[in-house]
Every structure is written in structure tokens, then in C-alpha cells.
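Line order of the protein sequences matches chains Z and W. Going by our numbering, the first sequence opens with residue 1, and the numbers climb by one from there. Going by our numbering, the second sequence opens with residue 498, and the numbers climb by one from there.
It is worth saying that the hints were derived from the structure and are not from the lab. Using N, Cα and C, we set each Cβ at its ideal position, and we do this for glycine too.
Listed below are the simulated BS3-like cross-link pairs for lysine-lysine, each with C-alpha atoms no more than 30 Å apart in a straight line:
#	chain 1	residue 1	chain 2	residue 2
1	Z	K217	W	K801
2	Z	K130	Z	K98
3	Z	K201	Z	K98
4	Z	K201	W	K722
5	Z	K305	Z	K201
6	Z	K201	W	K801
7	Z	K217	Z	K130
8	Z	K98	Z	K282
9	Z	K282	Z	K305
10	Z	K453	Z	K201
11	Z	K305	Z	K217
12	W	K722	Z	K98
13	Z	K130	Z	K282
14	Z	K411	W	K722
15	Z	K130	W	K801
16	Z	K98	Z	K411
17	Z	K305	Z	K98
Listed next, the stretches of chain W that the computed footprint assigns to chain Z, with coverage defined by at least 3 CB atoms under 8 Å from CB atoms of chain Z:
#	stretch
18	546 to 553
19	712 to 718
20	794 to 803
Take a look at the letters that make up each chain.
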Amino acid sequence: MRRRSSGFSPQGQGGAEVKHAVALGQADSCSAIPRNQIEMFLVWKFRHLASRGLPARWQTATRAAAFRALIVVGSLLTMAVGCNRQQPSFEPNRVLAKRLELSESVPMEQATADVGQALEVLFGTPDTPKWPEFLDGEQPLISRERLARAGGAVSSDEEGRHFGLFREHCVSCHGTNGDGLGPTAALLNPYPRDFRLGKFKFKSTPIGSKPTRDDLKQLLLRGVVGTSMPSFSLLEDEDLEALTDYVIYLSIRGELERRLLNEAALELDFDGGERVFDEAAKESDPELYAEQMLHIQSQTQRIAKQWSEAESQVVAIEGPPAELPVGRWVDLRAAESINLSQMPDALEQSIARGKQLFQGNVASCAFCHGPEGAGDGQQNNYDEWTRDWTLGFDPRDPEALSPMLEEGALKPRNILPRNLRLGVFRGGSSPADLYRRIVFGIEGTPMPALPMKPDNPQGLTANQVWDIVNYLLNLSDDSLSTATTSDLEGSSQAKNG
Amino acid sequence: MADPTPDPKHIGDRSLATGYSALVHRLSVILTVAVFPLIWVGGLVTTYDAGMAVPDWPGTYGWNMFAYPASTWLFGPFDLLVEHSHRLLGTLAGLLSIALVVAAFRNDGRPWFRRWTLLLLLAVIAQGALGGARVLLDERTVAMIHGCTGPLFFAMAAATAVMSSRWWIERPAAEASSQTALGQNATGPFLCWLASSLLVASYLQLIVGAQLRHVTGSVPHSLFKGFVHMHLGLAGLVALIASGLLLTCIFNGGLPARVRRAVFLVFAAVLLQIALGIGTWIVNYALPWAELNAWLASYTISAKGYWESLVVTAHVATGALIISLSTVVALRAWRSRATSTQVPAN
Chain Z
1 MRRRSSGFSP QGQGGAEVKH AVALGQADSC SAIPRNQIEM FLVWKFRHLA
51 SRGLPARWQT ATRAAAFRAL IVVGSLLTMA VGCNRQQPSF EPNRVLAKRL
101 ELSESVPMEQ ATADVGQALE VLFGTPDTPK WPEFLDGEQP LISRERLARA
151 GGAVSSDEEG RHFGLFREHC VSCHGTNGDG LGPTAALLNP YPRDFRLGKF
201 KFKSTPIGSK PTRDDLKQLL LRGVVGTSMP SFSLLEDEDL EALTDYVIYL
251 SIRGELERRL LNEAALELDF DGGERVFDEA AKESDPELYA EQMLHIQSQT
301 QRIAKQWSEA ESQVVAIEGP PAELPVGRWV DLRAAESINL SQMPDALEQS
351 IARGKQLFQG NVASCAFCHG PEGAGDGQQN NYDEWTRDWT LGFDPRDPEA
401 LSPMLEEGAL KPRNILPRNL RLGVFRGGSS PADLYRRIVF GIEGTPMPAL
451 PMKPDNPQGL TANQVWDIVN YLLNLSDDSL STATTSDLEG SSQAKNG
Chain W
498 MADPTPDPKH IGDRSLATGY SALVHRLSVI LTVAVFPLIW VGGLVTTYDA
548 GMAVPDWPGT YGWNMFAYPA STWLFGPFDL LVEHSHRLLG TLAGLLSIAL
598 VVAAFRNDGR PWFRRWTLLL LLAVIAQGAL GGARVLLDER TVAMIHGCTG
648 PLFFAMAAAT AVMSSRWWIE RPAAEASSQT ALGQNATGPF LCWLASSLLV
698 ASYLQLIVGA QLRHVTGSVP HSLFKGFVHM HLGLAGLVAL IASGLLLTCI
748 FNGGLPARVR RAVFLVFAAV LLQIALGIGT WIVNYALPWA ELNAWLASYT
798 ISAKGYWESL VVTAHVATGA LIISLSTVVA LRAWRSRATS TQVPAN
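From just these sequences and the hints, can you work out the full model?
Shown next as C-alpha cells:
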């Protein structure tokens with residue numbers, strides 16, 4: 001505190017406020033003129049001008065572009081005054097609230113504010129994240145110490161330990177509250193993940209289950225190839241653990257928020273004065289407060305339970321039978337020094353069977369991925385992160401979209417079936433990874449789980465899935481050059497299963 | 498009639514109060530050369546988020562900055578190494594500036610130049626203080642401002658080197674008179690204005706770039722997108738101006754070699770910078786059309802990776818270099834124009 005009170009003020013006139021704020025320990029240099037006010041003024045001014053000066057057909061087209069330019073210029077100006085600072089806070093799920101407001105015709109303002117309050121009581125703020133005590137079980141899902149390290153502002157100490165990890169490494173894409181609406185999001189493809197739906201793509205558990213801690217950690221180590229999701233393999237192990245905790249924390253927090261908002265819209269009687277949560281009731285009506293709190297707690301526990309159970313839902317993969325070689329055939333050559341020109345018969349046959357299955361009706365992979373796996377099948381689907389807020393209207397309808405985009409939603413994009421001929425797979429390229437992807441599908445995307453025998457008499461057998469794996473691994477145009485020893489490790493791992 | 502051209506042979510180090518001082522010039526060149534690594538290391542501080550690797554200022558974990566044991570920072574964590582060496586290099590720039598002021602006041606007779614060196618010293622002090630404020634307030638906005646003013650100081654140092662050079666003081670008149678005697682074109686106003694606009698455009702570009710680099714979670718995605726579009730637009734403008742300069746130099750053989758060489762350098766730097774800019778986007782965010790190309794589809798960004806950090810930091814440093822080089826071009830252009838118009842064409 002002492003060093004802060006030295007109160008150095010970099011910007012002339014704002015200095016007094018800075019000193020004041022610093023003395024209060026907030027170090028908020030922007031209490032005088034929040035940037036938003038200036039922006040809002042510019043926006044208002046521009047709309048005002050636009051609505052008077054321009055012929056109607058010009059307005060919409062020019063507006064968007066000029067509008068953005070104005071915001072940028074406005075921010076540049078305010079930056080020059082040094083007023084860029086905002087205390088980081090968890091923004092409410094405005095997009096969902098808007099969608100509920102429109103589809104259920106209920107006002108959501110009060111509910112959004114109440115839910116925000118409840119969340120702050122349970123989960124704290126970005127600077128001081130909290131973990132509710134009632135979630136402390138025998139096997140704690142999250143450690144408060146790690147949570148504190150991942151949250152807060154960025155710094156590091158004499159031992160080189162980093163703090164504020166989420167803000168350092170993730171916020172620019174995933175956003176402060178994990179909504180996937182970070183500053184860079186609009187320019188990335190695929191969009192960064194919104195953790196608040198609690199759905200994850202690449203994991204060792206089936207669709208509908210949460211990923212395990214290890215799944216998340218492996219994801220951070222590996223990154224998602226071909227996307228903007230980086231690999232964090234250069235970070236310390238304790239950093240990765242802390243970040244894993246933080247992802248789970250944000251996901252649970254976000255999922256709870258969704259549930260409470262949904263409940264508020266669908267079940268509460270607003271006119272009758274019902275509230276999701278009312279902190280003032282703690283004093284005025286302790287009974288009501290306890291009731292509200294109890295309900296919120298039980299909802300939170302339900303979500304947390306799914307995370308605790310993930311470990312037990314991991315499906316072990318039995319490796320392929322001994323007589324069925326699995327992998328890229330160049331690996332086999334390396335492993336068994338076979339002549340390059342003679343692909344071993346067993347593998348060749350397996351690939352041929354795989355191709356048939358791929359194009360067949362049961363797996364129907366070709367329906368989406370195209371007959372040769374080039375990704376040229378069905379093109380007009382949306383993933384669940386988009387469907388979630390476009391529920392009830394056509395995502396291509398600009399009229400219906402615009403109120404949602406104003407709340408910060410990203411322009412809907414079709415989720416395209418992957419081109420499988422590139423020889424790289426985002427969830428990992430080992431045979432075991434591919435086996436999992438095929439059998440479980442990819443959560444949140446149209447890629448379905450495969451019907452399997454014996455549960456489904458029309459389904460495929462495990463061996464048939466390995467045939468498809470072989471087909472995929474040898475599909476890439478240059479699988480010879482891209483195969484590496486790590487693929488080999490992958491295949492032996494699968495065999496050990 | 499213009500003054501007769503001073504004969505260089507007659508001018509010793511101190512023979513003319515307004516004349517060339519080798520000491521002043523050398524010091525300012527050394528200062529300029531020393532500031533470039535300072536900018537690199539400063540860039541690394543941000544790339545590695547090491548800005549808060551030392552929580553106090555001007556001390557270092559309670560130590561006097563210079564007494565801080567080398568065993569701790571030289572062989573300690575990388576963040577600490579980067580942040581502490583940035584501070585030490587910054588101090589070096591400060592000391593060199595002080596020496597320059599002293600040398601200028603003793604050896605340079607031009608009053609405006611002496612005042613300029615004082616301004617330079619003030620600038621370096623302010624820059625150091627901003628750096629300190631960034632740490633004390635733990636404020637990323639201050640980090641961004643500090644990052645924007647650093648290259649400004651670099652450009653000021655480069656300007657000092659130009660304005661203290663023998664060429665600045667003695668040559669233009671000589672060159673101009675020989676050019677006009679030969680009936681060649683002197684530096685035209687177009688080139689001068691083009692060079693100045695390059696300076697302005699590239700500095701604006703740097704400010705917009707800093708908005709992208711020092712982005713925080715509270716920036717809405719529409720705003721970031723706006724900045725990206727602006728950065729792309731300005732990149733086009735800078736490239737256009739640099740090409741204009743290059744063409745002027747190619748078609749105007751009469752320009753002084755000093756101007757031409759600086760233009761070639763700045764043009765090369767702009768080309769390099771565009772490549773680094775594309776690289777910076779890829780190593781930070783990947784391209785949104787990864788599947789176009791097998792290499793892109795199989796590239797995984799490595800956060801804090803060696804190449805990733807190198808590309809990004811090089812982009813920052815080259816941005817500063819372009820600003821300094823365009824300062825050099827502009828000053829030389831204006832100077833050779835000013836001195837050549839003093840000599841009437843006959």
C-alpha cells in the first residue's frame with residue numbers, strides 16, 4: 001500500500017483523480033470520464049446526424065462502417081487522455097437475457113441484475129474469485145489457492161511464478177467471464193469457446209458429460225491445431241493446473257447463470273414480485289433469502305456434480321485386435337522395416353473396408369464430410385453455441401439478428417464438416433483420439449456419436465471403427481510426409497488401451 | 498548572394514561556435530544505437546508479460562537497482578532478466594543523454610540545438626517515469642502509453658544524430674551549389690512533404706498497433722476489429738508513401754546520397770514490417786482460413802514460444818525503426834531543400 005500511495009500521476013489534469021483513486025487503493029485512473037460515456041456520446045451524435053442527413057438507402061450501409069470508425073477515433077482520443085481503464089468485471093450474459101426477453105416476452109432487467117448479484121456472492125469478481133464453501137466435498141473440484149493464482153491482475157515474482165494467468169493468457173480470446181467474446185473473437189475462425197454452456201469438444205468422455213481435468217490439461221498442452229487456440233506447453237505445470245481450475249470455475253459459474261436466467265424467464269412471476277435473488281432480503285426477510293439461497297445452491301451443486309463425475313465416465317478404449325495393424329502405413333514401415341511399395345495386406349484391406357463404411361449408410365460420414373472426406377458435404381449447419389441464442393429464428397435473418405448482435409453476439413457462421421484430407425485432427429491425431437471422436441462424436445457440433453453394437457443392432461463394431469480410423473489416417477494426400485514418431489506412440493498407446 | 502560555403506578543412510572540433518563537434522555527434526549516434534536494443538527489450542517485457550516481474554520502482558525488490566545481485570536477475574527467471582535489463586538499459590540511455598547535454602553545452606554553439614538536447618533529456622526522464630508509473634500503478638494503460646512514447650524518444654535520438662552530423666552543418670550548401678551548378682534537381686518540396694507524412698502515418702500506425710498489443714479483456718470485440726481494420730488501412734498508406742518516396746528517389750538522380758540511402762532503408766524496413774505484421778497475426782491468432790493450406794492447417798500456436806515471441810517483438814521494434822528512419826529521411830530532405838534554396842540557381 002505504501003508504494004501505491006506515492007501516487008504518481010502520468011496525465012496532467014486527471015492527476016488529482018488518480019491520486020484520489022490510488023489513495024483509496026483502487027488505482028482506477030478513469031473515475032472522471034469513463035470511456036463509455038464518450039463513446040456513447042459519439043454514437044448518439046452519429047446516429048442523430050445519420051438519421052437527418054443521409055438518404056434512407058445509404059443509412060444502414062454507411063452507418064455500420066462509419067460508426068465503427070467513430071468509435072475507434074473516440075477511443076483513441078480518450079486513450080490519449082489516459083482513460084482507457086475499466087475495473088474488470090464479470091459481464092452478465094446479455095445475449096441470453098435478450099433472447100429470453102424476446103422469445104418469452106418478459107422483461108429481463110431485474111432478473112439479470114439479481115442473477116449477477118447472486119453470482120457475485122457465490123463466485124466473487126475477476127480480481128478476487130471465490131469458490132462457494134458448500135461445494136467443498138471430499139474431493140474438492142477446485143483449489144482456492146490455484147483459483148486465486150489464475151484470477152486477478154498479471155504479475156510475476158522473483159521465482160518467476162506468474163499470477164493472473166487467465167488474464168495473461170486467455171482473456172483476449174475467451175473474455176473475462178469465459179463467454180468466448182474476448183476482444184479478438186470476431187476475427188477468429190472458429191470463434192473462441194464460450195465456456196458458459198459447459199460443453200466441450202475434445203474429451204475422453206461421451207457427449208453430455210463434462211471433460212475430465214486431465215482432458216482440459218491435455219488440451220492446454222496440445223492446443224487446437226489449425227485454430228487460434230494455442231498450445232501452452234511452455235507453461236509450468238502448476239500454471240496449467242491453475243488454468244484448468246479457472247476454466248472449470250468459469251464454466252460452472254456461467255452454466256449457473258444460464259440456469260437462473262432461464263428459470264427467471266420461464267417460471268418466475270415478475271408481476272407478483274418474485275425475484276431470483278434479493279440480497280436486501282437477508283435483513284428484511286431472512287426466510288425468503290434462505291429459500292432463494294438454498295435453491296441457487298442446489299442448482300450449483302448439480303452442475304458441480306457433473307464435473308466431479310466426469311472421471312468415472314471416461315470410456316476406456318480397447319485397442320484394436322492384434323491381427324489388425326492400425327496407423328499410418330509409413331509408421332509400420334519404420335517399425336517393421338517393410339518395403340515402402342508393399343503396404344501390408346492387412347492394413348490395405350482395413351483401409352478399403354474403412355472407406356466403404358465411411359461412405360456407407362450406417363456411419364454416413366460422407367453425408368457431411370463428402371465421399372472422399374474433403375469436407376464438401378452438408379454445409380449449412382450451426383453449432384450449439386450459435387443455436388443457443390438463435391433459437392426461434394433464422395440465423396440468416398438480419399432483422400432478427402440485429403438486437404442480438406447489439407448485445408455483443410458474434411455473427412453466426414456455419415459449422416463446416418472438416419476436410420479430413422489434411423492429415424491433422426484438432427482433437428489429437430493418434431488412433432485412440434480418432435477412435436474416440438468417431439464413436440462419441442464432437443459435442444456441440446453436428447458431428448454425431450456413432451451407433452455401436454451391441455447397444456444398437458444396426459450399429460458398427462469396434463473393429464469396424466478401427467477400419468475407419470485406418471481409412472482416415474491414410475486419407476491425407478501427404479500422410480507420408482506428415483507422419484511422425486508421435487503417431488507411432490499414439491498407436492501403441494491405443495493398443496495398450 | 499549566399500554565404501560562401503565553409504571549407505571543411507578549416508573547421509576543427511571547436512574552431513567554429515556553430516560548427517561540427519565530433520564528440521556531440523558521436524554521443525548522439527551512440528545514444529541512438531543504444532536505444533534500439535532498449536526498444537527490443539522493452540518489447541520483450543510486454544511479449545512475456547514481464548511488466549510486473551519487479552513490483553517496485555525505482556528499487557528492485559527493495560535493492561538499489563544497480564546493486565541488485567546479478568546472480569538473481571541474470572540467471573534467474575526470464576521475466577526478471579528481461580524487466581531488469583530493460584531498466585538498466587533505460588538508465589544507460591538516461592546517462593548518455595546527460596553526457597550529450599553536457600557535451601552540447603560545451604561544444605555546440607547553436608542555442609536551439611542545446612535546448613533540443615535538454616528537451617531530449619527531459620523526454621528520457623519522462624519516459625523513465627512513465628515506466629515507473631506503469632509498475633507502481635500496475636496499470637496496463639500506462640504500459641501502452643510508455644510503449645508509444647518509447648519510439649518517440651528513439652526518433653528524437655536519431656534526429657539528434659542527424660542534426661549534429663557534419664553533413665547537416667556543412668555539406669548541404671556544398672552539395673546544393675554543386676548540384677545547381679550542374680543544373681540538377683535539388684530536393685523538391687514533394688519529397689519533403691512525402692517524407693514528413695511517412696513519419697506521421699507510421700507513428701499513427703504505431704499507436705493503433707499498441708491498441709492491438711495492449712488489449713485488455715474489457716475491450717469490446719467490435720472495437721478491436723475496428724482497430725485491426727485501421728491498422729491494415731494505415732499499413733497500406735505507409736506502404737504507399739514509402740513506395741512514393743522510393744519512386745521519387747529512383748527517378749530523381751539528383752537527390753543527395755544521404756537522402757536516397759535513408760529512403761532505401763526505410764522502404765526495406767516497411768517491406769520487412771509488412772511480412773512481420775502478417776507473421777505476428779499468424780503466431781498470435783492464426784489465420785481464419787486455416788484449411789486453405791496444409792501448413793496453416795497443421796500449425797499450432799505455441800504461447801510464449803521462441804519464434805512466436807521473436808516475430809512479435811521484431812514487429813514492434815521494426816515499427817520503431819521505421820519511425821526513426823522516416824525522421825532521418827524527413828530531416829535530411831528538409832535540410833537539403835532549405836540549404837539548396839539558399840543558393841540561387843544561376
